[in-house]
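S.K.: Read off the chains here:
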Amino acid sequence: MVKPTRVENSIRALRFNAGEMTQAELADRVHVTRQTIIAVEQGRYSPSLEMAFQIAKVFRVPLDAVFHYPGEES
Amino acid sequence: MSFEEKTTWVTALVSVLVTAWYVAVVAGRMGGAPVAEIAYQTPLLIAIGATIVMTIAGAIATAIVTAIGGAITAELTGEGSAEDATRDVGRTDERDKDINRRGELIGYYISSGCAVGVLALAMLRYDQFWIANALYLSFALGTIVASVAKIVIYRRGF
Numbered sequence: 001m002v003k004p005t006r007v008e009n010s011i012r013a014l015r016f017n018a019g020e021m022t023q024a025e026l027a028d029r030v031h032v033t034r035q036t037i038i039a040v041e042q043g044r045y046s047p048s049l050e051m052a053f054q055i056a057k058v059f060r061v062p063l064d065a066v067f068h069y070p071g072e073e074s
Numbered sequence: 001m002s003f004e005e006k007t008t009w010v011t012a013l014v015s016v017l018v019t020a021w022y023v024a025v026v027a028g029r030m031g032g033a034p035v036a037e038i039a040y041q042t043p044l045l046i047a048i049g050a051t052i053v054m055t056i057a058g059a060i061a062t063a064i065v066t067a068i069g070g071a072i073t074a075e076l077t078g079e080g081s082a083e084d085a086t087r088d089v090g091r092t093d094e095r096d097k098d099i100n101r102r103g104e105l106i107g108y109y110i111s112s113g114c115a116v117g118v119l120a121l122a123m124l125r126y127d128q129f130w131i132a133n134a135l136y137l138s139f140a141l142g143t144i145v146a147s148v149a150k151i152v153i154y155r156r157g158f
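Line by line, the protein sequences give chains A and B. Per the working numbering, the first sequence starts with residue 1, numbered consecutively. Per the working numbering, the second sequence starts with residue 1, numbered consecutively.
Check the hints yourself; a few may be wrong.
[Claimed, not checked] Label pairs and their calculated CB-CB ranges:
hint, chain 1, residue 1, chain 2, residue 2, range
1, B, 23, A, 17, 51 to 61 Å
2, B, 83, A, 38, 43 to 53 Å
3, A, 63, B, 63, 50 to 60 Å
4, B, 113, A, 18, 15 to 25 Å
5, A, 6, B, 126, 49 to 59 Å
6, A, 21, B, 20, 38 to 48 Å
7, B, 13, A, 6, 27 to 37 Å
8, B, 128, A, 57, 57 to 67 Å
[Claimed, not checked] Taking lysine to any residue and the SDA-like style, the derived pairs with C-alpha atoms no more than 20 Å apart in a straight line are:
hint, chain 1, residue 1, chain 2, residue 2
9, B, 97, A, 28
10, B, 6, B, 42
11, B, 97, A, 4
12, B, 97, A, 52
No wet-lab data here; the hints were simulated from the structure. From a predicted model like this one, the values you see are computed outputs, not experimental measurements. For glycine and all other residues, C-beta sits at the position ideal for the given N, C-alpha and C.
Please model the complete structure; the sequences and the hints are all you need to start from.
M.R.: Have a look at this one:
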């Protein structure tokens, strides 16, 4: 299936590195549903800028450590 | 499946069932009689009222079943707690609001397009029966299309 968004993310890896944080825990901390975290992780939903910052804040990393755009210079 | 997606399914099912019931009742009364004599008013009011009541009741039932079912599943499987399983009941976030907005916009386009047809019926002086029913079916179709669009967006993403 073609992903509706080109934005990629490292949420799965970041969750693993954060003591294997569950999707439900992350959802609780960002105040969204678990299904939204799943959709973001799978690239089926591009979160708002505010939600993106909230996710980065949970992992205590900069925004570009969580979200990437194909073709951007790293 | 999020709670909002479940209630979208409820809205879609209720709209389809009630509309089908109404069309069946009115079609059964047509049978060659002049349209001006067909008693469509009571079934139409029942259909509108039933859609509202059943959608609200369906949402409440969905919340109860999700909460109880989730708690029982968590207890039986030992995966997560009952609190985890029921956490998302009633919770709405930005994705739900985005999907709702996009789906409602598609439904609005459909209803508006059909409303042009209703205007044409009025201008051509068709019987009130046809105007009232075309208007009802415009709204019903808009609601069904909006619900289906939301479900597709929930499944495919955007």
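S.K.: Each hint: holds or not?
M.R.: These are the hints, each one checked on the structure:
The supplied range of 51 to 61 Å is met by residue 23 of chain B and residue 17 of chain A, whose beta-carbon atoms lie about 57 Å from each other. Checked against the hint of 43 to 53 Å, the C-beta distance between residue 83 of chain B and residue 38 of chain A comes to roughly 19 Å, which is inconsistent with it. Take residue 63 of chain A and residue 63 of chain B: their Cβ atoms lie about 35 Å apart, and the range 50 to 60 Å is violated. The hint said 15 to 25 Å for the Cβ distance between residue 113 of chain B and residue 18 of chain A, and at roughly 49 Å that hint is violated.
Between residue 6 of chain A and residue 126 of chain B the CB atoms are about 50 Å apart, so this pair conforms to the stated range of 49 to 59 Å. Range check, residue 21 of chain A to residue 20 of chain B: Cβ separation about 46 Å, and the 38 to 48 Å hint holds. About 35 Å separates the C-beta atoms of residue 13 of chain B and residue 6 of chain A, a value consistent with the hinted range of 27 to 37 Å. Range check, residue 128 of chain B to residue 57 of chain A: Cβ separation about 60 Å, and the 57 to 67 Å hint holds.
About 18 Å separates the Cα atoms of residue 97 of chain B and residue 28 of chain A, which keeps this hinted pair within 20 Å; it holds. Straight-line distance between C-alpha atoms of residue 6 of chain B and residue 42 of chain B comes to about 30 Å, which puts the hinted pair past the 20 Å bound. Proximity of residue 97 of chain B to residue 4 of chain A is assessed by CA-CA distance (about 18 Å); at most 20 Å being required, the pair is judged to hold. Under the criterion of a C-alpha separation no larger than 20 Å, the hint pairing residue 97 of chain B with residue 52 of chain A is consistent with the structure, at around 17 Å.
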